[in-house]
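*Asks:* If you want the building blocks of each chain, they are given just below.
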Amino acid sequence: MTTPPFPSRNEPRLSSLLGISLAMHIVVFVLFSGVLFGTSPVERRPVYFVDLSKMPVLNPQAGRPDGGPAPKAKPAAKPKTAAPTPQPVAQPASKPEASKPKPTPVDNKPAVTQPTPVKTSSKPAEPASKPAEAGQSVQDKIAAMRQNQQRQQELADLKSKIAALSGDDTSGKSYGSGAPLGMPDGSGDEIGVDQQTWLQAFYKENWSLSKYQVARRDLQATVHVSYSADGTLTNYRFVESSGDANFDDSLKKAILKTKVLPFKPGRTLQFDVVFNLKDLMD
Amino acid sequence: MRRFATLLFALLCLPATSVMAQIEVRAPGQQTIAVANTELLPLSGFPSPAIARELHEVMSYDLDMSGLFRQLDPASFLGDAKRLGLTSTQVDFNQWSLLGSEILIKGGYRMQGDRLLVEFRLFDVIHRQLLTGRSYSGYPGDVRTMAHKFADVILKSVTGKEGPFSSRIAYIDNRTGHKELYLMDTDGANSLRLTDHRSIVLNPDFSPNGREVIFTSYRPGNPDLYRKYLGTGQEARLSFKKGLNISARFKPDGREIALTQSESGNPELVLLGTDGSQRRRLTNHWGIDVDPSWSPAGDKLAFVSDRQGNPHIFVLDLLSGQTKRISNNGKYNATPAWSPDGDRIAFTRLEGNVFDIYTIRPDGTDERRLTFGPGNKEHPRWSPDGRFLVFSSDQDGGKGIYIMRADGTGMQRISATGGQSQHPAWSRQR
Numbered sequence: 002m003t004t005p006p007f008p009s010r011n012e013p014r015l016s017s018l019l020g021i022s023l024a025m026h027i028v029v030f031v032l033f034s035g036v037l038f039g040t041s042p043v044e045r046r047p048v049y050f051v052d053l054s055k056m057p058v059l060n061p062q063a064g065r066p067d068g069g070p071a072p073k074a075k076p077a078a079k080p081k082t083a084a085p086t087p088q089p090v091a092q093p094a095s096k097p098e099a100s101k102p103k104p105t106p107v108d109n110k111p112a113v114t115q116p117t118p119v120k121t122s123s124k125p126a127e128p129a130s131k132p133a134e135a136g137q138s139v140q141d142k143i144a145a146m147r148q149n150q151q152r153q154q155e156l157a158d159l160k161s162k163i164a165a166l167s168g169d170d171t172s173g174k175s176y177g178s179g180a181p182l183g184m185p186d187g188s189g190d191e192i193g194v195d196q197q198t199w200l201q202a203f204y205k206e207n208w209s210l211s212k213y214q215v216a217r218r219d220l221q222a223t224v225h226v227s228y229s230a231d232g233t234l235t236n237y238r239f240v241e242s243s244g245d246a247n248f249d250d251s252l253k254k255a256i257l258k259t260k261v262l263p264f265k266p267g268r269t270l271q272f273d274v275v276f277n278l279k280d281l282m283d
Numbered sequence: 362m363r364r365f366a367t368l369l370f371a372l373l374c375l376p377a378t379s380v381m382a383q384i385e386v387r388a389p390g391q392q393t394i395a396v397a398n399t400e401l402l403p404l405s406g407f408p409s410p411a412i413a414r415e416l417h418e419v420m421s422y423d424l425d426m427s428g429l430f431r432q433l434d435p436a437s438f439l440g441d442a443k444r445l446g447l448t449s450t451q452v453d454f455n456q457w458s459l460l461g462s463e464i465l466i467k468g469g470y471r472m473q474g475d476r477l478l479v480e481f482r483l484f485d486v487i488h489r490q491l492l493t494g495r496s497y498s499g500y501p502g503d504v505r506t507m508a509h510k511f512a513d514v515i516l517k518s519v520t521g522k523e524g525p526f527s528s529r530i531a532y533i534d535n536r537t538g539h540k541e542l543y544l545m546d547t548d549g550a551n552s553l554r555l556t557d558h559r560s561i562v563l564n565p566d567f568s569p570n571g572r573e574v575i576f577t578s579y580r581p582g583n584p585d586l587y588r589k590y591l592g593t594g595q596e597a598r599l600s601f602k603k604g605l606n607i608s609a610r611f612k613p614d615g616r617e618i619a620l621t622q623s624e625s626g627n628p629e630l631v632l633l634g635t636d637g638s639q640r641r642r643l644t645n646h647w648g649i650d651v652d653p654s655w656s657p658a659g660d661k662l663a664f665v666s667d668r669q670g671n672p673h674i675f676v677l678d679l680l681s682g683q684t685k686r687i688s689n690n691g692k693y694n695a696t697p698a699w700s701p702d703g704d705r706i707a708f709t710r711l712e713g714n715v716f717d718i719y720t721i722r723p724d725g726t727d728e729r730r731l732t733f734g735p736g737n738k739e740h741p742r743w744s745p746d747g748r749f750l751v752f753s754s755d756q757d758g759g760k761g762i763y764i765m766r767a768d769g770t771g772m773q774r775i776s777a778t779g780g781q782s783q784h785p786a787w788s789r790q791r
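Protein chains in written order, with the numbering used here: chain A, 2 to 283; chain B, 362 to 791.
One chain only, chain A, in its complex shape:
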């Protein structure tokens, strides 16, 4: 007795199964790719970064453009110890070297220490004011000097606080990881980044163009400018025109407005300025 042959089932062949699978994959891919359904274009808005602590300056000090790594809490704390700064203000009248002993032996509030010398000085001033005006003027001068010193001190405090916040050391003494905010070849005394960035801001400020003057936003032109060592514009030419008369004319005006730099570079300057509308807001 022989076993009956296994009934042949009507199964699809492997190739057809693979074909169906492939077709299904394609269908899924097409559905999810969004080709069949119109996609509304997403308008990308530009993101703007404004660095308020690293402003471009004309004469940057020696340092690093990134201001060095910021994380250290110590440099931030140190300037705080310099908070006794009010004392030097009070001291010049009595002891210029009084910074060595602990700054505020008299009081824990440095601000309060200042009024006291003023009071002491005001005492003699009162009788002096009556007899002669000369005495009063001297008094005024002293008061003005003190106020001036106080202002300078407050300014120094603020600078050190800003530097502490940004992780920069404004002392100009420390280098390496704690380098001050400035430029490697900087020789000036301003805290900030390079001359090129300053020039960029300078050109931007002098460039006037209304969005209603141009029909397109993809305009761009390049102007080659040359300045003499004393900062006078010696030559400019369009390396690449935008093709829009209003746009190009606005650039000519911007260049003419900047025909004298407010500083003497000390050497001839030549560079290309690329003007475009990438950051023009609608």
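Quick caveat, the hints were computed from the structure, so don't treat them as lab data. Do not take every clue at face value.
Stretches of chain B that chain A covers, calculated by requiring three or more beta carbons in the stretch to come under 8 Å of a beta carbon on chain A [stated by the list, open to error]:
no., stretch
1, 382–388
2, 419–430
3, 449–455
4, 515–528
Between beta-carbon pairs, the in silico distance windows are [said to hold, decoys possible]:
no., chain 1, residue 1, chain 2, residue 2, range
5, B, 455, A, 271, 23 to 31 Å
6, B, 692, A, 206, 16 to 24 Å
7, A, 257, B, 418, 30 to 38 Å
8, A, 202, B, 660, 31 to 39 Å
None of these values were measured; they are calculated from a predicted model. All C-beta atoms, glycine included, are put in the ideal place defined by N, C-alpha and C.
Since the structure of chain A is provided, determine the placement of chain B on it from the hints.
*Replies:* Okay, now just chain B, sitting in the frame of chain A:
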């Protein structure tokens, strides 16, 4: 050895190649043009402060409305503002440069009998040259027109495209107790009633040459289409088919008129000759087809239809006969107006029981909402230069006519209070 020599040569060449720094400026720092708008001085004879003031005020309004300029405070002007200088050699540009002015408006006026002569000059302070000038002669009552005309010239000089300030706006107002057709300047001045139908007048539109206005009036009981000649005041009834004869628009070449008629019972778009003769039916659909607006080339029409359920904006290609829906958002879109440049279509959308104005490209992309806030903003129409939109709104209570820039900024009411104003239309020429 040869390679080494080449490398050496290249290295020697390096120092000779100066390294050029490149600075990229990605946007202008000043996005308005500083303008010194001086008060005009008497050319001869007695000064007339009222004339000088009105010229100055109208000019100042137009410059502000353009959005192009930043007007310097006249209090900061130095001695040159008090000197009549009509040529570039007579102007002390140093003074204006010091104030940061980029362009300067100067001029003078003179009365000759009952005639008024006004000289306007526009100077480029940076290049120290005269940009343009005009001499206008008219009556003292034309003072505002003269200032508007020179404002148009200033815009032409600065942007290459003439301004729209000397054109006019037609609108419907009910201050007499009936909805009548009025005409006014672009700043709302010199309002003038044109019709006395003592009925309901609607939907005005200017002919391309600005000499005629067509509108719908219910005077005969049926909403019929009328034409009015502005010069003579003559009126003629152009279309008086049974049912609607509404929302008529001149073709940009002025040779035909598209409007909605409902003679067959269903509102359809129809083309008429300017003499009122029936040319051809443009749409044939069970849905309602209204509010046609011509493309600048006159080869397409934007219109409103509810053929797909809700009222939406469609574009009909007159050559191929193809119709394409372009508004895909909202449930109630109406009153399309094709811009003179042809790149955008303004329309209104009802959302939350409030109409607001939107624009969209003719292909249905890049939809932008222009108006926000309370109140309806309806019936937008473009200025002839495409810089502005005029529309009616009830945002301040009663309906009034407003204008704004094409980007939605600078919205201002221009029609006077005291009536319900709506359905504005901006003339292409004065």
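*Asks:* Now look at each hint and say whether the structure bears it out.
*Replies:* Now the hints, each set against the structure:
no., hint, in the structure
1, 382–388, "holds (count 7)"
2, 419–430, "holds (count 4)"
3, 449–455, "violated (count 0)"
4, 515–528, "holds (count 3)"
5, B:455 with A:271: 23 to 31 Å, "holds, 29 Å"
6, B:692 with A:206: 16 to 24 Å, "violated, 48 Å"
7, A:257 with B:418: 30 to 38 Å, "holds, 32 Å"
8, A:202 with B:660: 31 to 39 Å, "violated, 49 Å"
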